[in-house]
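*Asks:* The sequence shown runs 1 to 295 under the numbering used here.
It cannot be assumed that every hint is accurate.
Calculated lysine-lysine pairs in the BS3-like style (CA-CA distance at most 27 Å, straight line) [as the list claims (entries may be wrong)]:
id, residue 1, residue 2
1, Lys143, Lys35
2, Lys69, Lys147
3, Lys35, Lys147
None of these hints come from the bench; they were simulated from the model. As the structure is a prediction and not an experimental result, all values here were calculated from the model.
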Amino acid sequence: QSELRERSQTLKRESETRTPIEAFQAKVRDIYNSKICQRIIILLISFNFFINAVQAQIQDELVENSRAKNLLNLVDLCLTVLFAIELLFNLFANWFWPFIHDGWAMFDTFVVVVSIAALAVDEVPGVSILRILRAFKIIRLVKRFRKLNRIIRAILVSIVPVFNAFLIGLLWVMIFAIIGVSIYRERSPDNFATFARSMFTLFMLSSLGNWPMDELPGFDEEGNMNEEVTLFLLLFVVIIIWTLLQVITAVLMDNFIVIPGFCNTHLKDSFSASVYINPVFSNRPPPSQPRLGRR
1 QSELRERSQT
11 LKRESETRTP
21 IEAFQAKVRD
31 IYNSKICQRI
41 IILLISFNFF
51 INAVQAQIQD
61 ELVENSRAKN
71 LLNLVDLCLT
81 VLFAIELLFN
91 LFANWFWPFI
101 HDGWAMFDTF
111 VVVVSIAALA
121 VDEVPGVSIL
131 RILRAFKIIR
141 LVKRFRKLNR
151 IIRAILVSIV
161 PVFNAFLIGL
171 LWVMIFAIIG
181 VSIYRERSPD
191 NFATFARSMF
201 TLFMLSSLGN
211 WPMDELPGFD
221 EEGNMNEEVT
231 LFLLLFVVII
241 IWTLLQVITA
251 VLMDNFIVIP
261 GFCNTHLKDS
271 FSASVYINPV
281 FSNRPPPSQP
291 RLGRR
């Protein structure tokens with residue numbers, strides 16, 4: 001209670017020493033962070049993504065100066081203006097360093113600037129590439145939904161360990177690619193003539209693609225087994241598909257369980273909080289609540 005009292009007194013002193021501009025900025029910040037305003041922004045982002053999908057679907061059907069194209073361009077212009085206003089609203093509410101240090105705000109700034117640039121140079125060839133970036137605005141919804149934000153944080157935490165596991169798998173695929181070029185270069189030049197072709201063939205195979213059975217059959221016409229091809233396929237499937245790909249998935253799932261997003265939000269040390277496992281995924285209790293065993 002004493003800490004809450006001191007906190008309230010501190011806030012009261014800060015409110016008394018605020019300038020009129022800072023007081024107005026605080027009101028704007030409260031309005032911007034309100035649930036109604038955030039829901040409106042979510043609807044605008046979703047509607048913008050829907051319009052981008054419609055434009056991509058009927059791109060070939062849009063005739064120059066047609067009614068549908070003019071309507072979509074008008075909607076696109078309105079959405080760009082609304083997002084620019086929302087960006088200025090956010091910039092004023094969180095001026096200056098809170099806005100700069102917010103990664104999502106910087107991402108939104110980049111998308112809005114690109115959208116305005118695409119409208120300004122609409123007749124320049126290649127501007128459609130800039131328009132593609134506007135579809136990434138839907139990623140902002142990750143910040144609005146807590147569960148989606150946890151998934152993104154888990155993926156970011158998993159980048160390094162998953163990359164290490166992926167690197168091991170890639171090395172083994174490269175080994176099999178070198179062996180494939182050495183053995184099957186003359187028998188299947190379309191698939192194993194070079195190292196690049198061999199890598200492409202094995203990547204297709206690892207993604208459950210087809211093996212070139214016409215050139216490298218596992219059995220001949222008389223039904224006899226081709227031991228060389230069969231052993232190569234068996235080793236590749238067991239080592240790469242059945243083992244290493246599953247290891248990469250296991251590393252990813254392990255980092256989905258042990259992430260800061262599932263820890264107690266009241267813990268201040270994010271590093272120590274990252275080792276806490278959510279009771280939803282594990283029977284292990286939180287560190288502050290030890291399990292009482294039977295005597």
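*Asks:* Hint by hint, note whether the structure agrees.
*Replies:* Verification of the supplied hints:
Using a Cα cut-off of 27 Å, the hinted pair Lys143 and Lys35 holds, with the two alpha carbons roughly 14 Å apart. Of the pairs offered as hints, the one joining Lys69 and Lys147 is violated, with about 37 Å between alpha carbons and a cut-off of 27 Å exceeded. Between Lys35 and Lys147 the CA atoms are separated by roughly 17 Å; this keeps the pair inside 27 Å, and the hint holds.
Violated hint: 2 only; the structure is consistent with all others.
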